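Whole structure, please, built from the sequences with the hints as guidance.
Protein chains in written order, with my numbering: chain A, 425 to 849; chain W, -11 to 306.
Take the hints with a grain of salt, since some may be wrong.
[Said to hold, decoys possible] Beta-carbon label-pair distances, calculated as ranges:
#	chain 1	residue 1	chain 2	residue 2	range
1	W	Arg0	A	Trp449	51 to 61 Å
2	A	Trp729	W	Lys141	50 to 60 Å
3	A	Val758	W	Phe31	38 to 48 Å
4	W	Lys141	A	Phe710	35 to 45 Å
5	W	Leu272	A	Ala792	48 to 58 Å
6	A	Phe692	W	Glu34	43 to 53 Å
7	A	Ala792	W	Pro172	40 to 50 Å
8	A	Ala792	W	Pro137	33 to 43 Å
9	A	Asp443	W	Ala6	20 to 30 Å
10	A	Phe606	W	Ser1	41 to 51 Å
11	A	Trp584	W	Ala6	43 to 53 Å
12	A	Thr736	W	Arg0	36 to 46 Å
13	W	Lys95	A	Phe710	49 to 59 Å
Since the hints were made in silico from the structure, they are not lab data.
This one's a predicted model, so the numbers in the text were calculated from it and none came from an experiment.
Where a beta carbon is used, it is the ideal one built from N, C-alpha and C, also for glycine.
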Amino acid sequence: MGAYLVFLKRCFALSFIGDWRYRLWMLLLTVVALLGLNAYCKQLVDGMITTGMTDQVSWGLYIANFTFLVGMAAAAAMMVIPVYIYKKTALHDLVIFGELLAVAAILMCLAFVTVDLGRPDRFMHLFLRFNFPMSMLTWDVVVLNVYLMLNLHICGYLVWCAYKKKKPGKKFYMPFVFLAVFWAISIHTVTAFLYVGLGGRPFWNAAIIAPRFLASAFAAGPAFIILTLQIIRKFTDYNVPDEALALLRRIVTVALTINAFLLGCELFTEFYTGAAHSISAKYLFFGLDNHHGLGRYEALVPWIWSAIGLNTIALLILYTPAVKKVAWLNIACVAMIVGIWIEKGMGLIIPAFIPSPLGEIVEYAPTANEILVCLGIWAFGLLAYTIFVRITIPVLTGKLTYDHSYSLETVGTGESDQKSKETVS
Amino acid sequence: MSCSSNGSMDRRSFFRAATGAAGGMAALVAALSPLKSLDTSDFTVEKFLQQHYKELDETEMAKVLDRITKEVEERYKVRPDIRDIKPKDGVEFVYALNLGACIGCRKCVHACVEENNQSRDPEIQYIRVLEMPRGTIDIEKGDHTYDHPKVPKDDHFYMPIQCHQCENPPCTKVCPVEATWTEPDGITVVDYDWCIGCRYCEAACPYFARRFNFTEPSIPKEEVNPTMSYLSNRPRHKGVMEKCHFCLHRTRNGQNPACLEVCPVGARKFGDIKDPNSDVSQVLKHKRVFVLKEEVGTIPRFFYYFDEDYHRSEEKGD
Ligand code: SF4
Ligand code: SF4
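Pasting the structure below:
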């Protein structure tokens, strides 16, 4: 216990140590997070009227971000499959970075749900009258929190073992690793069902939502890890094998291809039959005419086409054999993360509310305050992830162990790399 | 650097850490500063500890009603008569609306707002009246914002829509905290003191019947309706959901809903479907009725019918 407190203390201290670039990055994130907190306080005082939401479009940017991040969280842990099933032992540490990402993403998810509540002070009503199993939202609360615990346990255990220079006991984490894989599918599916289960919203009421959700997340999650690994490679002495990037690239390519295929299927069913229920899709992709012939409603059109454009660019880059350069891979990753973010937010959540169930068209645009809250939560999540990675790397490289307190003198020396590899795998 | 174990060095890094911490705290306090203007009257310990409606026994309910009375008095300077009116056994309320008679005057919309202490600014309305071109009942073709000096407009009919008090309501099913449920007499209600404001029910309702308090409701003091009940028209606060409740504080006492009373052409019929002599039982027996969006399977307790003859004979009668 005492040793554990020392460990936590050291971790805390470590999160403040770094070169100027690290400190600038952390300062920036802290400032944005505080601006977000400030915006949220304003929302608490004045009510949700500070957002762009209305009775017609009753969910907006918050739930959109939530949906995207659930996908990221799930995808991160799914990297376990290639690593463990194909016994790529050299890549075991990848799993830790993935699961740390999952933890950060779930923390952001919980924050996004909280800021979306009109009465967050009543959250304990959830424990007092939990409408389980009727409400899909209660399912989501359960699966997300269990998933958070699972991932915290796995990363926490592996990092702790490396810190204590022990060999991790397989039975203490392998069952959880596989459970987490199963659970990753469940958080996806349950979140998709949150929307699919609403019979009054034809745009969501389609079986393809859950699989598309999975496919797009498997592209965005690993893409984010590709970017992280390169930052780690550049700024720390931690050795990221090329094999890892190659593997992730393969995962991302397959996932993005499946996503594009499913999008095609969706567009066909929506538009070929021309059924009445495709009106939200029509709004999303092409815009709708005003009833009185005054102008058009087309707020989402530029968004969805940029998403499709970005994803297409990413696919083209990934499939062009000539551009194997990492710089190109990074462009593809950024393009698809942004593309999928739009697709899951502006493209999946908001059009379901337009037109309203009574056929009224009220468009949605987030307010500045709402955007600030979102940025704040993102900054908070990135702050958490940066700290997680900041702590994990010296532990994995054996620079921070129970008998060796990390200090500035060891920055930049990679002598103990080898040792750590043995301890972890 | 730190290994130089030099006293002045340590002191310097200590000061750096201290100024950093102080700066951080100051920034945090500044970020939280808007909370200074938070209206804390809605966040009392008493309210925080209040149980779910279904768990309140009589004495607890009396205390809660007492608290609400005080609150209303303080805020609106009127003494409300607030009760918790229970449903009667063996009663099931149903609404029927004659589309052939409705002239689209929106009197019901405003009577509802006044009866049920809805916020006036921004105004919350439970009833939507659609102006529909003749020859369709596709609500996508309806006009929500029609505004002519004279109604009805030629070749149009009017379709008022409010909560249909569904028998299979998707809205109550999705609520994560059971803050909304269907009462034995068929009315779907919200416990405004329990709702966490997630708006999932609003996304689930196929009839756009729910309204969220995006900001603190405002009602001019002189317009407050002092006859209130816990589950219906007592004043709400920001951040919670509300909706039509068939004026249960009236209808459970044998009166008609406010929207029916005000209707100038008698287009609205209300009553107990289990009583064969009630107006609605007669309408359901003798008229060709239909429900809106039957395909979503919510089984509404709100019926529409077209009955031009009925309308005309009523007029002749006067
Ligand atoms: S009309 Fe909407 S709010 Fe009313 S009971 Fe049905 S689903 Fe619920
Ligand atoms: S807004 Fe309130 S009543 Fe509606 S689902 Fe959420 S907690 Fe339940």
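How the hints compare with the structure:
no. : hint                              : in the structure
1   : W:Arg0 <-> A:Trp449: 51 to 61 Å   : violated (24 Å)
2   : A:Trp729 <-> W:Lys141: 50 to 60 Å : violated (39 Å)
3   : A:Val758 <-> W:Phe31: 38 to 48 Å  : holds (43 Å)
4   : W:Lys141 <-> A:Phe710: 35 to 45 Å : violated (30 Å)
5   : W:Leu272 <-> A:Ala792: 48 to 58 Å : holds (52 Å)
6   : A:Phe692 <-> W:Glu34: 43 to 53 Å  : violated (58 Å)
7   : A:Ala792 <-> W:Pro172: 40 to 50 Å : holds (47 Å)
8   : A:Ala792 <-> W:Pro137: 33 to 43 Å : holds (39 Å)
9   : A:Asp443 <-> W:Ala6: 20 to 30 Å   : holds (22 Å)
10  : A:Phe606 <-> W:Ser1: 41 to 51 Å   : holds (48 Å)
11  : A:Trp584 <-> W:Ala6: 43 to 53 Å   : violated (31 Å)
12  : A:Thr736 <-> W:Arg0: 36 to 46 Å   : violated (55 Å)
13  : W:Lys95 <-> A:Phe710: 49 to 59 Å  : violated (39 Å)
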